[in-house]
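*Asks:* Here the protein sequences line up with chains A and B, keeping their order.
Mapping of the first sequence onto my numbering: residues 1 to 699, in sequence order.
Mapping of the second sequence onto my numbering: residues 700 to 941, in sequence order.
In case anyone wonders, no lab produced these hints; they're calculated from the structure.
A virtual CB, placed ideally from N, CA and C, is assigned to each residue, including glycine.
Mixed in with the good hints, there may be bad ones.
To be verified - Counterexamples of contact, computed for chain B against chain A with all Cβ distances above 12 Å:
#	residue
1	N809
2	R841
3	G842
4	R867
5	A877
What the hints assert, rightly or not - Cut-off 27 Å, straight-line C-alpha distance, at most; resulting in silico cross-link-like pairs (DSS-like, lysine-lysine):
#	chain 1	residue 1	chain 2	residue 2
6	A	K671	A	K635
7	B	K926	B	K911
8	A	K391	A	K635
9	B	K926	A	K35
10	B	K823	A	K635
11	A	K635	A	K35
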Amino acid sequence: PVLNPVDLVFGRDNWYATAAGECGLIVRVFEGRAKKVEGNPDFPTNLGASDARAQALVQEVYHPDRIAQPLRLSGARGSGEYQNASWEDVLTELGNDVNGARGATLVITPPLSGPMGQVVNEFVQAVDAEHVTYEPEDRIVLREAVRRVFGTDTLPTLDLANTNFLVSFSADFLHTWISPVQFSRQYGEFRQGREDVRGTYWHVSSRMDGSAANADRWLPITPGTEGLVALAMAQVMVSEGLVDRAVAEQVYSGISLDQYAPDAVAETAGISAEQITELARRFAEGQPSVAIAGSLAAAHTNGLFNLTAVFALNYLVGSVGQEGGIILNPPPPFESDVPGPSSGLPYSDWSGVVNDLNSGRYQLVIVYGVDPVYGLPEALGLREALANAGKVVALSSFLDDTTLQADLILPVHTTLESWGLIAPDPGPGFQAVALQQPVVNPFVDSRAAGDILIEAATAAGASLPWPTYEDAVRAAVDSLRQLNRGNIDAPDAKQYFVMAQAQGGWWDTSETAESAPDAPETPTPAAQPEYAGDPGQFPLYLLPFPSNSLGYGETANLPWLQALPDPMTSAVWSSWVELNPTTADRLGVDTGDVVRLVTPRGSAEVPVYVNPAAHPDVAAVPMGQGHTDFGRYAKGRGINPLDLVEPATESETGALAWAGTRVRVETTGRKVRLPRFEGQVPAFQLEGAPIIEVIPSEH
Amino acid sequence: MSPRWGMVIDLDRCTGCQACVVACQAENNIPINTEAVYLQHRAIEWIRVERYWDGEYPNIKARYIPVPCMHCSEAPCEPVCPVYATYHTPEGINMQVYNRCIGTRYCAVNCHWHVRFFNFWEPKWPESLQNQLNPNVSVRSRGVMEKCTFCIQRINNAEQNARLDGGRPLRDGEVNTACAQACPTRAIVFGDLDDPESQVAQIANTTTRGYKVLAELGTNPSVLYLKKIDPEAPAHGGAESA
């Protein structure tokens, strides 16, 4: 054969550092187009690693259904009928609206830290608006648990590279929970990074998720009993003298551990006393050991108890702030007027917002960066309430469920086109901020959300401290320079900023959290989970769960992520309900049979996936689908399980207990083909020559 | 001396997250696997993650294995191509020459790993999404076979740069495949198996866990897997299809 010379491609590559979420990124840009996302090898949270969601950021930029210019509603609200408008007109209009709605404006955003949070705060003050934030509700419970147990507002990270024994209570830390790339990177080291130790990992949960699938042992428990199992572990460790009783009494003050012997909780938890005892012994003897909890554990009415009871275990084995343990994060290095991490508004307070909307209190609602109409359950009635606002303005790139309720849509830059300064939460255990810079020019006629707010305030006769949002970012970077520490050494402000751009951020490995407390500051009383729906009528637990690639639905518009097989079922492009084979047999259904899920709140039809690892009492449905629009790849696909959820709240924080509803499964007689990866290629373990070889130990 | 490219995949690190799958699709201009494509059983994934069940509830495990092309030294797909479109490079890569391929699909039939994919349709992207396509990788037209190339465009690029740089040999780590670069647990390691200093060679030469999938066929794959460790592995034979 003839060897061809290397193919000639005209043009050259440029590589720019930026950031998204908790990761520092490097983006390949060729002829002005973003081509490929890689992890930034220098940025301390991910050290060059990335994940499917970061990879898919380029599809956000070039999405065919991205909103390309300002839009003004031309039909009824919610009709999706819009006509094009000019930036000049819409900004003037917004300025007038803001001016006319002083004291009657509501701003909805995610919890924002850094300069963007600062811009929103200044805007809200300048125009006399109110500000509420939305984030997934289990995150609110997690933040409160971390505040109570560790006394910090920042989320902690882990030092898995030095951990011997890890137990996760429902936290899908490798795929969806708070910082999966950071934890996955550590997990590789946890398993195979040391000569003499291979870390052992157990998982306790009511659904086998993508993390549990990797555990050395999985203990399937009754939903909502995570905290109970943790107390039983503590009881075993104390009664067998494995840990100091005085420490345990201080850590679990107000709870009489003797009531929670494994025998007493085993039946409720759905696992045996022996399993709990063995887990406790392994945890106590395998030091350094770590216990984490999240995701589904937080989404019950007793979510805060579940999380605090589990995180408190770390005090018993002395792994708080220690090598191989839970590493607390210091507050971000921002000046006092720049916000750090904060919680979203809990569900119970959203009811108040909805009441205010319905009473006509708000003449203007501005939504940026979140889709609460989709992310909060139908039962709240936010969609209907928005109809009672004088005017709804969405700063958005896509026609998501909230944007669909807007009178005015102002298209904003996507991640790869934006400025920003992000303090990852959780950070890497020391102070670090990622500098986000536009790696390409805006692909459509969009603006930075920060600039829109600054201009709207100016047009309304108020003034914000910066002419543009970029200036706010530059000012924040300059205040980092004045700290005179960290990774960047430059003679002047301009050079400093260029260095920060090139390195992808600022970090100071020596600036770690102050010493950890000895015990939780506020005790949390033990609590049982409560469920909406009578067990006789609704025999199964409905467990919605965050999707591996679509998360809580925020990335459902991206085709690569829609097409990415779910780690357990390999299903793609759809919703499904996971049922245990015995449960499916009893109902007479098989994979692909469409069933009706009936809860006290409503019903929906989805195909079944018979999952051999599903808990027999659980019907698990992924989150992320069921969008009204959100572009061609998401529109009309599957169901949003939150529409079936009875709005029970977590008893202490008021966050939505989205796993607190029971369900009945009815057959419909219909069958569909569930699109999935399974079966694309003939793949099966061969007798005598298995595809995956498994050995009990290295030697 | 020319390199011999190879890969090590540590199943004890892999978590089944599939960052590799999307990274590969982004790098190599793989058409979007639509719902219809999945229903036709024609999804194209140059690297895929297979999931196998092991055991029964409650003592059940799900196990993952990333499967790219094995780049066999004695590749069964190569001698059967009537037009020499399937070809082995001197650097050990099993390549597909798209403009020779006439779509007999014999190679795919002869591949035991099912890592060759036929383009039954002209690949389509909405016009705006075409801005993302990698200019260094051909978009394959209808009627030709495609497969993992170990990111040949990255190798070519690095070799070109090394030639311009005074003809020096490539340094270990100078070339990486998209899948290995993305992998958050560092389960995938790529490099020159003939360079004893390279990370991939050092793992391959020292590990006690290495095995090759379907090794008994004698095709000598260039992808070495490291066995999954499970201190409490249930007895084998119960695993079901992926």
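*Asks:* For each hint, tell me whether it holds in the structure or not.
*Replies:* Comparing the hints with the structure gives:
no., hint, verdict
1, N809, "holds, 14 Å"
2, R841, "holds, 19 Å"
3, G842, "holds, 20 Å"
4, R867, "holds, 17 Å"
5, A877, "violated, 7 Å"
6, K671(A) x K635(A), "holds, 22 Å"
7, K926(B) x K911(B), "holds, 10 Å"
8, K391(A) x K635(A), "holds, 25 Å"
9, K926(B) x K35(A), "violated, 35 Å"
10, K823(B) x K635(A), "holds, 19 Å"
11, K635(A) x K35(A), "holds, 26 Å"
In summary, the structure is inconsistent with hints 5 and 9 from the numbered list given earlier, while agreeing with the others.
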